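Input sequences plus hints: build the corresponding full structure.
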Amino acid sequence: MATLRALECLVALVDTGSVTKAAATLHMSQPALSHQIAALERELGTQVVERLARGVRVTAAGHATAAEARVALQAAERAVRVGHEVGAGFAGRLRIACAETMTVWLLVPVLRHWCSERPGVRLDLMEFTSADRMVDHLMAGEADLVIGPRPTSTSAHVEVLGQEEMVVVAPEDHPFAARPSVAVADLATEPFVHYDRDNGMAVWIDQFAARHQVTLAPVLRTRSPRTAAQLAGAGMGVTIVPASALIAAPYGVVRPMDPPVRRDVIAIMAAPADSLARRFVADLHARGLPATEI
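Numbers 1 to 294, taken from the UniProt record's numbering, label the letters of the sequence shown in order.
Just so you know, these hints were derived from the structure itself, not from any lab.
This structure is a prediction, so every number in the text was calculated from the model and none was measured.
Nothing false has been slipped in among the hints.
DEER-style ranges, computed between Cβ atoms:
{"#": "1", "residue 1": "LEU220", "residue 2": "ARG78", "range": "51 to 59 angstroms"}
{"#": "2", "residue 1": "ALA38", "residue 2": "THR16", "range": "14 to 22 angstroms"}
{"#": "3", "residue 1": "VAL71", "residue 2": "MET126", "range": "31 to 39 angstroms"}
{"#": "4", "residue 1": "ALA88", "residue 2": "LEU4", "range": "17 to 25 angstroms"}
{"#": "5", "residue 1": "ARG122", "residue 2": "GLU77", "range": "18 to 26 angstroms"}
{"#": "6", "residue 1": "PRO259", "residue 2": "ALA79", "range": "52 to 60 angstroms"}
Glycine included, every Cβ here is placed at the ideal spot set by N, Cα and C.
So this is what it looks like as structure tokens:
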């Protein structure tokens with residue numbers, strides 16, 4: 001296949017009409033340019049220039065090839081420019097998979113900044129209730145970056161952004177309202193607003209309760225921690241939610257756990273060298289996790 005350099009030599013030869021001038025334009029020696037033209041002719045199986053006693057004349061095949069070569073060279077130039085812009089963080093596409101409670105809580109300031117300062121970057125946002133499902137999308141090539149709690153396992157690159165607190169939500173008239181914090185054991189006798197089994201919180205809470213030898217008494221299940229907080233506050237029982245679910249204050253009271261319980265908030269990248277994902281994570285690091293007010 002003809003190289004871009006050979007095509008560039010042909011175009012320069014057509015434009016200048018001279019081997020000497022074409023070589024000077026491309027900052028190369030005349031023998032080197034002649035070598036490129038000869039290689040192109042071998043590839044095409046025909047002459048692109050006719051050697052005359054004084055100079056050269058471009059053949060019909062040479063002119064036709066040069067016309068297409070200009071298109072190829074312009075496309076190559078565009079490819080390099082786009083690659084540079086993406087590498088600099090000003091073009092391209094970034095597909096973000098995020099835990100649904102963390103979109104507003106954590107991502108909005110960075111998303112807003114990117115939309116303003118990097119309008120050439122297309123941002124695709126997908127929200128999930130399961131960290132494992134987000135990782136599945138990442139490994140299947142359907143996402144570039146995952147933001148959320150730790151999955152069950154992953155072989156991809158992981159960076160810890162910080163930790164968020166896990167808290168208890170109860171109705172305002174509940175005895176928990178008079179306490180500064182709630183022990184895990186105190187949840188055993190309470191009607192509990194649990195989570196759908198395909199929500200990562202369901203697995204986390206079941207494992208958490210098992211580690212503390214506590215048996216919960218679910219009264220209903222929901223797929224959303226935000227909904228769980230509102231249901232508990234409205235008197236349906238008590239629940240555990242991550243701090244990121246408290247953007248909308250629940251009806252009831254929020255209490256920390258005793259001892260405090262926190263979980264990592266992480267960023268996962270299948271390709272750590274991806275410049276867009278790398279820059280987005282750097283901006284998240286720079287802003288830090290929102291302060292938790294309970």
